[in-house]
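A.B. asks: Listed here are the chains, written in short residue letters.
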Amino acid sequence: MSTYTEYLTIQTNKEKEIINITNKIQQAINKSKIKEGIILINSMHIISSVFINDEESGLKQDFLEWLEELAPYKPFPSPKGYHHHQTGEINGDAHLKRTIMGREVLCAITQGQLDFGPWEQIFYGEFDGQRPKKILIKIIGEK
Amino acid sequence: MSTYTEYLTIQTNKEKEIINITNKIQQAINKSKIKEGIILINSMHIISSVFINDEESGLKQDFLEWLEELAPYKPFPSPKGYHHHQTGEINGDAHLKRTIMGREVLCAITQGQLDFGPWEQIFYGEFDGQRPKKILIKIIGEK
Amino acid sequence: MSTYTEYLTIQTNKEKEIINITNKIQQAINKSKIKEGIILINSMHIISSVFINDEESGLKQDFLEWLEELAPYKPFPSPKGYHHHQTGEINGDAHLKRTIMGREVLCAITQGQLDFGPWEQIFYGEFDGQRPKKILIKIIGEK
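Chains as they are written, first to last, in the numbering used here: chain Z, 65 to 207; chain R, 65 to 207; chain A, 65 to 207.
It does not matter which identical chain is used: a pair holds within one copy or between any two.
The calculated DSSO-like cross-link candidates involving lysine-lysine, where the alpha carbons are at most 27 Å apart (straight line), are: (1) K138 <-> K80; (2) K144 <-> K80; (3) K138 <-> K124; (4) K124 <-> K80.
Think of the hints as simulated: they come from the structure by calculation, not from any bench.
One chain only, chain Z, in its complex shape (with noise of 0.2 Å):
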């Protein structure tokens, strides 16, 4: 059995934004020489998510709006805001927007590649940005 850790920096231009990391996920299956296994895959913050759906920017937009209905951005202070902002932060839809969309995959690796459908592609969702963020991968597996 051979273990893989590798951390990957982001840092998003806007303060909500999707990325697409697949590419950088399976450089890192390449680098571990992990041919039968499993990946881990998660945002290593409380505030964005690590997610997979499909690389069509509409759709991206569409999460990003839906995001916003279901755990709206309230302004502080606000007598209706989030009793997280009594601390002072202001971000309390980040922490509810990114358990929506999720923390962590896992994904199976098969003969050396991550095993996917045809438009499975890995997303880092950043709901509080524009500040250097870390992704944690995991590979546990043989080569």
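Here the structure of chain Z is known, so what remains is to put chains R and A in place on it, guided by the hints.
C.D. replies: Here is chains R and A on its own, set in the frame of chain Z:
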């Protein structure tokens, strides 16, 4: 360490449907002969889910109605439709519904069995079906 | 390759409550003596969650209020109650709330420690509690 890979094919009768796949997953574990480890089960599509909940027909209906509230179907063309529909697709809602329900589950295998609580059952949740779809099973552990 | 299995029992004081279990998870890693690998932590019930976010009391309150908006409690009997309530259960909302928050988390173990970002903490989210509930811990990796 041993690994085992299997692909299930499922075609639902309805466009949106929830199907219990627990028996098929336990059969894969039996075939793998792995006694201690973990099993990843994921949809290979970005419009369907694998998730764990209770086998109860009313609850399955609740899930579908609730998802329709949180991520409604929107006809195309429409001024308020999803951006994704500009590609010609009309399944924007399915991408969002699948996000709520999740892409994958990871389960423990103990003594050759799914290590489950009394009510845990594994489901495939289809949100744009009536076509053949694939579920990936990856097991890693010890025989 | 080594594996380690442990079951935690938790009984919340309140019907709906969020409890930090990070220390208990690190203790299980210590007991397992596994230095490199992964750890699965999942609720063994279909009305509660294991998830990762920030240890901040206001945020925990925000989560519970937000879940009540997205998946409200509905009394039984009611013409607009959940179908699930026809079984005699009245916890339909708990099944939906748990779905938003997730059943499980998978974390990396590096050098014998939870490989976490600065704010990551593991929580058990109970949505129909005041009874003993079980959390499964499964670790696989190398000592």
